[in-house]
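Read off the chains here:
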Amino acid sequence: MRHWSRAAWALGLAALALFPVVVTNPAYTTIGVFTLIYMACATSWNMFSGYTGYIALGSAVSYGVGAYTMALVSIHANMAPGASMFWLVPLGGLLATLVALPIGAIALRVRRHTFVVITIAIFFVFQLTAINVGFTGSTSGLILPFISWNESYYNLPFYYVGLSLVIFATILSAVVRRSRFGLQMLAIRDDEDRALGLGVRTTAVKLTGFALAQFTIGMAGALYAMFVGQIFPQFVFDPLFDVSIALMAFLGGLGTLVGPLLGALILESFQQWLTLSFSNSSLYLILFGALFLVVILFMPQGIVVFVRDRVTRRSAREKAAVAAAETTLAGSGA
Amino acid sequence: MSGSALTYAIVDGVLTGSVYALMATGLTLIFGVMDIINIAQGIFVVLGAYLSYAIQLHWGIDPFVGLLITIPTLFVVGIVVERGFMSRLKGPEKTAMSILVTYAVSLLIEGSLNMIFSVNDVQINAWYVNRSFKLFGVYFAYIYVFGFILAVVLLTALWVLLYRTRFGASVRASLADQTAAALIGINVKRVATICFGIGTAVTAAGGMVFGATNAFNASSSYDLISRLLTIIVLGGMGSLGGALVASIGMVMLEDVVGVVWSPIWSTMTFFIVLVIVLSLRPQGLFGKQLARTA
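Chains as they are written, first to last, in this note's numbering: chain A, 1 to 334; chain B, 335 to 628.
If we strip away everything but chain B, and leave its shape as in the complex, we get:
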């Protein structure tokens, strides 16, 4: 293996991995606070990508500027989905049911997107998508760096929100123990709704970068959600740091396998690693030991 290929794998792992980290953080946050596995996260990413694509196409707004529209839009979409469907789920089978409900939401959005945008692949285009620069002997399009900066900014903002504000303290309390959080006077339901909104809002940014670096259509959501699920299960469900480490680690590993072996098999690395890790450590890399539940 050539050195530049390895460098590429590492750099791309950090750049692309951070974007995945952003999307995965939303997913793991929703799980941690609400015990909900949001299968619709994949289609939300695609929705975010299509929104950026559409406002650029029709209004000529740069996708990065367009985030000022798409992030709040997806936040509202998240709130609506949470209030409309998720908050109705109760009981011991809540998590399993949430998978089915969010899958249904995902199918609804997929069908609608297919009708509006057709099933032909599109890609977000801008000057930074086509132009590239040389980094450690490898060419990268500017979008990778811009996407990385965006992801770092948003992840930092999320970190500040979670670790430096009163609201963040209630979120972390709900992550740790929902019942105890409710007992000390935290409105866990409201925290959950807002977290679902935040969890989907980050997909607007992730989706924009995804849409600029990949040709996509509505069914790209299957590939996305399977990767994101793998990442958060690997990182330990509900662990924010785990999601970050797993995202960057997995994208890097995928690139390395693609270079060393064949790009055909690189996607499978994700799932094979997942199967191996879960066989050895069912709670994931950074997950808490699951309490034995009925």
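The shape of chain A in the complex, shown without the other chains:
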């Protein structure tokens, strides 16, 4: 079982790495870049919300902070358009983490559903600020230094930086999961008061987890800003972003490692394809909402757990059948 899963991971990684080599159409590699950005975000979101059970619906704050870090620094530092701007990606992540510290300190004072509501409220504070202050360019947005790479390979650097973010987020999530810190987060999800009673410093653990999760989301936001070249407050601070990455994690399997990757891969590529083929965002909203309902109502544990349960149940049934047959045989033989 173990080497099977390793082979699957290697295969998945190889498929992602080779995708832009095989598919050279820029329209499709663009979909690839967006999909990777969301895969990184969903994985990182899951590292906090999936492990602790605190559903945060304000991740667009980190995404927006990352995007504005990229835009503002590259514009005001008069950076040469090109690969050097990628250095701002980790800076975006760092700032998103710093911004998340006071947010987390306030929001994590409350639990469960009040936490969800307060993350939404804080998100709106940021969105409204970004729309209303001058330095964000307000509703007309900001234009980043124009990168004049040839169209035939323009997407490639973004694709592989995106892939690095996915790998980073996945490894971080896996390491956290196996660490003492990860176990403490899972303990909080299962029973926060008992975890506290057993000596888990719940406040510190929650805050660290929350801030850590924002790092990759901030990096993804910065990469997004650089990739699209122009950002608007209402698109980088987008409430739909918050729900999208939550849904991706739910669809794949909340709290699992591969779930958010799978969920984001399916949903984001589907959404981008839909936009490409129909350019009808209303249709997307309807399909997205319907899919969301189906997932939560019929497989609330997500695809990964759903499939795993089916497989284990079948193998258990087969074992039981074999055992029963053996007993019958033994009985008739006696």
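Do not rely on the hints blindly, as some may be mistaken.
Claimed, not checked - Quick list of the computed label-pair ranges, beta carbon to beta carbon:
| hint | chain 1 | residue 1 | chain 2 | residue 2 | range |
| --- | --- | --- | --- | --- | --- |
| 1 | A | Leu276 | B | Leu469 | 32 to 38 Å |
| 2 | B | Leu619 | A | Gly141 | 34 to 40 Å |
| 3 | B | Lys523 | A | Trp273 | 54 to 60 Å |
| 4 | B | Ile403 | A | Gln234 | 33 to 39 Å |
| 5 | A | Ser140 | B | Tyr476 | 35 to 41 Å |
| 6 | B | Val453 | A | Ile106 | 30 to 36 Å |
| 7 | B | Ser452 | A | Leu98 | 38 to 44 Å |
To be verified - Examples of chain B residues lying across from chain A (beta carbon under 10 Å, computed):
| hint | residue |
| --- | --- |
| 8 | Val414 |
| 9 | Gly418 |
| 10 | Glu427 |
| 11 | Ala438 |
| 12 | Glu444 |
| 13 | Leu447 |
| 14 | Met449 |
| 15 | Asn521 |
| 16 | Asp557 |
| 17 | Ser560 |
| 18 | Ile566 |
| 19 | Ser596 |
| 20 | Phe605 |
| 21 | Val609 |
As the list claims (entries may be wrong) - Some chain B residues close to chain A (C-beta under 7 Å, calculated; not the full set):
| hint | residue |
| --- | --- |
| 22 | Ile371 |
| 23 | Ile483 |
| 24 | Leu484 |
Calculated directly from the structure, the hints in this document are not laboratory data.
Even for Gly, the Cβ is constructed at its ideal location relative to N, Cα and C.
Add chain B to chain A, keeping to what the hints say.
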């Protein structure tokens, strides 16, 4: 600050705030009885506004008269959503799941409304929307007063229903303690379904007034739901009186900030007040102390 501006803030706080109170009461009622946070409340308001708009446009029915159609329609919509989706939610993560499910419902309706009515802003129009009168030195359109009267009538009706009828007693029992209510023979599930219906039905009235006082499209629901959520969290989730006080207080505060400082920042007051209050008092202004749950 001029005196008339302050007067305006106070009067508008009471007039507009009461309409918000109506919508927020529905939301807090649903939460109190069912532990469900209905994110779709915002889009229900917009749906109510579009319904009033459409029947006025196509059948020439006055929006206030049209409420006789739209209120029952939204009641049925609420019942369908509750039976179809909400009643399936169970377990300790029910509240968090309900946020996601109602968000999905909201997206479905938003997409449909965009397709039917396009994304261009519309506004309900009638003689009382355009004409205004002078009150304490400030001009108000008649719709504000009519909306206020409507909200007071409906809130009173709701109060009578909740505090003077047998059904209301079972609702209040379910608000206080669902398990105990079930133990003394109250059909909590049926109460929950009807409450969800009532909670969405009031948005028909709120939506009509909202649609007459604001230009709106389907995405107005985001602004609405974020305000309504803030109001009920501030008032204390499940507290009917808290929703009323918080609605009027917040709209007033928003107006005052708009006058004193700048209308740009007035919307943010909502969220900043929420963050401050929750830091000091996590259960909201009138909320019960939350039991420590797993």
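(request) Would you check whether B:Phe605 satisfies its interface hint, that is, whether its CB is within less than 10 Å of any CB in chain A? (result) holds (4 Å)
(message) The hint names B:Ser596 as touching chain A; please verify it with the least Cβ-Cβ distance against 10 Å.
(response) Hint on B:Ser596: holds, closest Cβ of chain A at ~9 Å, below 10 Å.
(request) Can you let me know if the beta-carbon spacing of B:Ile403 and A:Gln234 is within 33 to 39 Å? (result) Once the Cβ atoms are compared, 35 Å apart, the range 33 to 39 Å for A:Gln234 and B:Ile403 holds.
(message) Is the interface hint satisfied for B:Ile566? The criterion is a beta-carbon contact with chain A at less than 10 Å.
(response) Since chain A brings a Cβ to about 9 Å from B:Ile566, closer than 10 Å, the hint holds.
(message) Restraint: B:Glu427 near chain A, CB-CB cut 10 Å. Satisfied or not?
(response) At 7 Å from the nearest chain A Cβ, B:Glu427 passes the 10 Å test, so the hint holds.
(message) So, as I understand it, the hint says B:Leu484 touches chain A; can you test that by seeing if any CB pair is closer than 7 Å?
(response) violated (28 Å)
(request) Verify the interface restraint on B:Glu444: the C-beta must sit less than 10 Å from at least one C-beta of chain A. (result) Given a least distance of 5 Å, the restraint on B:Glu444 holds.
(request) So, B:Asn521 near chain A? Judge it on the closest CB pair being under 10 Å. (result) For B:Asn521, the interface hint is violated, since the closest Cβ of chain A sits about 23 Å away, which is over 10 Å.
(request) Hold the hint about B:Val414 up to the distance rule: shortest CB distance to chain A must be less than 10 Å. (result) violated (13 Å)
(request) Just tell me: holds or violated, for the beta carbon distance of A:Ser140 and B:Tyr476 against 35 to 41 Å? (result) Holds, since A:Ser140 and B:Tyr476 (Cβ atoms, about 37 Å apart) stay within the stated range.
(request) For the hint on B:Ile483, just tell me whether its beta-carbon gets within less than 7 Å of chain A. (result) Cβ of B:Ile483 sits 31 Å from chain A, so the hint is violated.
(message) Just to be careful: measuring from the Cβ of B:Asp557 to every Cβ in chain A, is the smallest value less than 10 Å?
(response) It holds, given that the least Cβ distance between B:Asp557 and chain A is near 9 Å, below 10 Å.
Comparing the model with each earlier hint shows violations of hints 1, 3, 8, 15, 23, 24; every other hint is respected.
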